[in-house]
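Each protein sequence line maps, in turn, to chains V and W.
Residues 13 to 355 in my numbering are what the first sequence spells out, letter by letter.
Residues 17 to 243 in my numbering are what the second sequence spells out, letter by letter.
In case anyone wonders, no lab produced these hints; they're calculated from the structure.
Some clues are possibly wrong.
To be verified - Which stretches of chain V does chain W cover? Using the computed rule of at least three CB atoms under 8 angstroms from a CB of chain W, they are:
#, region
1, 166–180
2, 183–193
3, 260–266
4, 323–331
Values in this document were obtained by computation on a predicted structure and should not be read as measured data.
Note that the Cβ used here is the ideal one computed from N, Cα and C, for glycine as well.
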Amino acid sequence: MTKYIIALVLLVSICLLFPYGHLSSESSHRYDYFTIVDEEDNIITKTANTITVGDIYITDNNRQFKVIDVKDKMAYAEYETTIEMEEILKSLKSHLQLDIAEQTDKRPIAIFHTHSAESYVPSDGEDSISPRGGIIDVGEAFTEFVEERNVPAVHSDQSHDPHDARSYDRSRSTAVTLLRENNAIALVDIHRDATPAEEYTTTIDDEDVARIQLVVGRRNADMSANRNFALQLKAAADDKYESLVKGILFADGTYNQDLAPRSILIEAGTHTNTKEQAIRGLELFVDSTVEVMAATTALPGEDAATRNTALWIIGIVTAGILFFLILNKENVKDFIDSLRRRT
Amino acid sequence: MPLGTIILIVVLGLVYFGVFQTTLDRLKLTDRHALFIIGLIILGSFINVPISRGLSFNLGGIIPVAVGIYVISKAERNMEIYRSLTAIALTALIVYSISQLLIRVPEPGVDMLYLNGLIAGIIAYTVGRSRRAAFASGVIGLFILDIVHLIIQSVRGLPATGILAGAGAFDALVIAGITGLILAEIFGETLERITNKNNHTEFATATIDADKRNNKEITDKDGENND
Numbered sequence: 013m014t015k016y017i018i019a020l021v022l023l024v025s026i027c028l029l030f031p032y033g034h035l036s037s038e039s040s041h042r043y044d045y046f047t048i049v050d051e052e053d054n055i056i057t058k059t060a061n062t063i064t065v066g067d068i069y070i071t072d073n074n075r076q077f078k079v080i081d082v083k084d085k086m087a088y089a090e091y092e093t094t095i096e097m098e099e100i101l102k103s104l105k106s107h108l109q110l111d112i113a114e115q116t117d118k119r120p121i122a123i124f125h126t127h128s129a130e131s132y133v134p135s136d137g138e139d140s141i142s143p144r145g146g147i148i149d150v151g152e153a154f155t156e157f158v159e160e161r162n163v164p165a166v167h168s169d170q171s172h173d174p175h176d177a178r179s180y181d182r183s184r185s186t187a188v189t190l191l192r193e194n195n196a197i198a199l200v201d202i203h204r205d206a207t208p209a210e211e212y213t214t215t216i217d218d219e220d221v222a223r224i225q226l227v228v229g230r231r232n233a234d235m236s237a238n239r240n241f242a243l244q245l246k247a248a249a250d251d252k253y254e255s256l257v258k259g260i261l262f263a264d265g266t267y268n269q270d271l272a273p274r275s276i277l278i279e280a281g282t283h284t285n286t287k288e289q290a291i292r293g294l295e296l297f298v299d300s301t302v303e304v305m306a307a308t309t310a311l312p313g314e315d316a317a318t319r320n321t322a323l324w325i326i327g328i329v330t331a332g333i334l335f336f337l338i339l340n341k342e343n344v345k346d347f348i349d350s351l352r353r354r355t
Numbered sequence: 017m018p019l020g021t022i023i024l025i026v027v028l029g030l031v032y033f034g035v036f037q038t039t040l041d042r043l044k045l046t047d048r049h050a051l052f053i054i055g056l057i058i059l060g061s062f063i064n065v066p067i068s069r070g071l072s073f074n075l076g077g078i079i080p081v082a083v084g085i086y087v088i089s090k091a092e093r094n095m096e097i098y099r100s101l102t103a104i105a106l107t108a109l110i111v112y113s114i115s116q117l118l119i120r121v122p123e124p125g126v127d128m129l130y131l132n133g134l135i136a137g138i139i140a141y142t143v144g145r146s147r148r149a150a151f152a153s154g155v156i157g158l159f160i161l162d163i164v165h166l167i168i169q170s171v172r173g174l175p176a177t178g179i180l181a182g183a184g185a186f187d188a189l190v191i192a193g194i195t196g197l198i199l200a201e202i203f204g205e206t207l208e209r210i211t212n213k214n215n216h217t218e219f220a221t222a223t224i225d226a227d228k229r230n231n232k233e234i235t236d237k238d239g240e241n242n243d
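Sequences are here, hints too, so could you generate the full structure?
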């Protein structure tokens, strides 16, 4: 018993070497962004999202690359295919026309911020402000833009600080509460990236605008539904504002996107853009994609993803039963007798 | 479909088909208890209970914490309780340390949703040496971290608001508890089968005992009734 207590005290002492959070008026975050290059060392994109082997990036001109190696902050990717965005757009437009014809009441879009302290240096003075970063203002603007287009929206300014690896565990509560209390149709987690400004700045209609990057977690069981949604958003945005969406990153995480097929993480510019540029970019994004987000019937590919998940569940349960049968092969007859009695 | 839903459906299926019988026996639960608890978790997920202004807890997410406390209290020896408490503390400390080590990275690239359960399962099996410790480590360990988070936020003068275990059946602590238990079960069963060649009857005994408790008639290999 004594040695347990001593071991615990030592462990607590060691863990206290990691002070809880680093939130202060001066940012303690090192923004060492990743650079993804293709086979000829042409830069595909830069992002502060951690890039790992297996990540996929779809560029603004719809070329899909897969990361095959990562060394320090350089990620090397190979070209895989070009996404037929015209086909996706065509299918989406005919679906949305049917949706409009049905005239059903729209369910709200839910907006929240896992990294609620993220801010824009030129406008907010710092890149991180707790508990309410500039990103909250950007989220409020996004909510207003949605509502201006006669779609209900609900915004949470709940803080999930500190910005550590458990932020997504904490924001999971917020996301589930938003979905449950509002019967929301889509879940939007708005962030900002951390790269040089030129990576995210463009001009649309003679105005400087912060570009948008979409992020999909490739560890979700519903990843194909999230992927479909992201491609449909990009298709709709490209149709109206060609340079607005800089790309789609399929990263090694879940980002709570298992909670709804229409879940997306939006990087609204970078910390070196102005907040106004980010808001302008989101306004254009909402203008071009709100009908996709709020579509009352299942989007193309949404039902197939749910069927795939059901098959996964059946597969896992069957595998579990087989595993235990293998470990207890002498008792297969007893197990089958037990099954008969239960069914 | 949310990860929590998938895990609960898989667990429901495995409990229904009797695959989890040994595990439930060690947790001092019957399969009916397990099905009832899962039902309570799902229904409770729709209920938030206020604690103070801006702070509440979700009933569906708290029920697994109560179950974790119950299964530890049913341990037959004090040493098992001490080991379980050690496993809970270690899980909380290691999850905390990993999350803080990665604090300087804007997007950490480590998904704690899966890692929590993996940590709980490994620690509980190696330190707690029990399935009940695995479940309790995941659930209570993460719950402790959520409470500590609120206390630290409050001490710093930041708002201590939110919903404890707010994601209910989909919460990280529920996922951690169940995945920790499943991992400890897989490690435990596999190791026990490899190292204990005479352990032929454990599964059969557990199944037969469970059926007796459910007041069903059973027959042995010769077809005679055994009461």
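Against the structure, the hints:
1. 166–180: Coverage by chain W holds for the region 166–180 of chain V (9 residues, Cβ < 8 angstroms).
2. 183–193: holds (count 7)
3. 260–266: As far as the region 260–266 of chain V goes, the hint holds, because 4 residues have Cβ atoms under 8 angstroms from chain W.
4. 323–331: n = 4 at 8 angstroms, threshold three: holds.
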